[in-house]
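*Asks:* This is what each chain is made of:
There are 2 protein chains.
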Amino acid sequence: MVDPVAIWTYDWVPEGPRGFVRDMRLRWACEEMGLRYTIETVPFDGRETNHLDRQPFGQVPFLDDGPVQLFESGAALLHLARKSDVLMPSGPVEAAQVEQWVIAALNSIEMVTMPWVVLSWSKQQSDAIDGWLDKRLGQLEVVLAGREYLVADRFTAADLMMADVLRLELLRAHGDRPARKAYVDRILSRPAFKKALADQLAQYEAADRAREENEDA
Amino acid sequence: MVDPVAIWTYDWVPEGPRGFVRDMRLRWACEEMGLRYTIETVPFDGRETNHLDRQPFGQVPFLDDGPVQLFESGAALLHLARKSDVLMPSGPVEAAQVEQWVIAALNSIEMVTMPWVVLSWSKQQSDAIDGWLDKRLGQLEVVLAGREYLVADRFTAADLMMADVLRLELLRAHGDRPARKAYVDRILSRPAFKKALADQLAQYEAADRAREENEDA
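Top line first, the protein sequences correspond to chains A and B.
The first sequence: position 183 = 184 (the working numbering), numbered continuously.
The second sequence: position 130 = 131 (the working numbering), numbered continuously.
Because the hints were derived from the structure by calculation, they are not lab data.
Just so you know, not all the hints are guaranteed correct.
Simulated DEER-style distance windows between Cβ atoms [to be verified]:
1. B:Arg212 <-> A:Glu49: 50 to 58 angstroms
2. A:Leu202 <-> B:Lys136: 40 to 48 angstroms
3. A:Gly20 <-> B:Ser85: 36 to 44 angstroms
4. B:Arg55 <-> A:Leu189: 23 to 31 angstroms
5. A:Asp54 <-> B:Ala183: 21 to 29 angstroms
6. A:Ser91 <-> B:Pro5: 24 to 32 angstroms
7. B:Lys195 <-> A:Arg212: 55 to 63 angstroms
8. B:Lys136 <-> A:Glu41: 20 to 28 angstroms
9. B:Pro179 <-> A:Gly147: 45 to 53 angstroms
For glycine and all other residues, C-beta sits at the position ideal for the given N, C-alpha and C.
Please model the complete structure; the sequences and the hints are all you need to start from.
*Replies:* Structure (C-alpha cells):
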C-alpha cells in the first residue's frame, strides 16, 4: 500500500481565514481523487520564521509525497493531479490546457484579486488596482459565460484552482457577474469541496478546544 | 525535421515595455535550449479585443507547438522546458522543484511586485502593498543569499522565470538587497538572455521604421 501524502498546514488560525487556508486546495484535490492523505501541522505562532526551511515565505500549505517535498499550492496541486486522470486529462493537449488555466488562476486572476483584497483589508484603496480588477473580472466573465468548465467539458484541477481563487467573500460580493457567480456556485456544490471545507473548519474548532483546555489547566 | 514552435507577440509596442514584453520568457528559453522558433505577431492596436480567442486577457505571449496552443507565459515556459533537460532536470524530484519555483516566481513574488509596479506607474501608493513587497523581497533575499541557482545547483527554468520577474527596472532600483542584485546580474549575463533581448529590441525598431515609411507614403 502506498503511503499517504502529507499536507502541512497551521495548527490553528483566527476566525477570519478559516475555510480559506490554502491547504484547502490540496485537501479538496485529494477528496476528488480518493487519494489517502494526512494533515500535519506547524505552529501558527511564529509562522514567519519557524518553518522557513520548508516554506521560504512562512506560509502554508506544503506537501510531502515521499522524496517529493513541495511548497506553492499551485505546484503541489499539479503534482497531486498528475497521479490520475480524475483532475488531469491524460491527453497532452488537454493536460497542457489544465496547467495553463491553473497558472492563469494564479498569475492573471489572483495576481489582481489578492492585492485588491490586501488593500480592502487595510482600508486603503487605489483606482489603479480597482480598474485592473474590474478589467480582469470582465474578461473572465466572457470566458465563463461560454462554458461550464475551463477545460475538456468536465471538472479538472483548473476549475478547482480558479474557483478557489474566486470564492473569497469580498470578491463574491463585488460586481454583478452572473457567469462567475453561476460558475463558483456550481464548483463549490461539489461534495469533495464540502468535505474538505468541513474538515478544515473541524480541525480549527478542535484546536480552539485544545487551547481553552490549556488555558483552564 | 520538427516544425519550429511559434511565439506570438505584439507587432509593435511603445518605448516603455520594450525589452520587457513577456515573449522574452519564451525567446530566452528557446535560445537556451537551441530550439527553433518563429516570431508571429498580432496587432498592438486593438489588443484588448483582437485576439481574445487566443489569449482571453488580451495579452501576449502565446505559443503554438503543433496541437498544443497555450497562453500564460508560465505554462508555455514549462511546456518548452520539458522538451529537454537543458532547463528542466530529468529527475522527478528536481523537476517538481523547478515547477515549484516557476510558480513561486509567478504567485509569491510577481503577485506582489506587479501591483507595486502598477501603483508606481499610477503615481499611487499604499503602505499595505509597500510592506508586502518588502517582506517578500526580504524572504527571497535569505533564499538567494544561500545559493547561486534555485534548483539543482545549475540554471533552470526556475531561474529564468524568477530573474525575469525581478529584472524590472523600478524593482532593481528598490531596496538594498545584495543577494538579489548578484543573482539578477548573474542570470542576465547569460548569452541566451542577451540574444533574446537584442532580438526583441530589433523587432520593435524594425516596426518603428515600417510605421514611419507608412506615414511617409
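*Asks:* Quick one: which hint numbers does this structure break? Sort them smallest to largest.
*Replies:* Failing hint: just 2.
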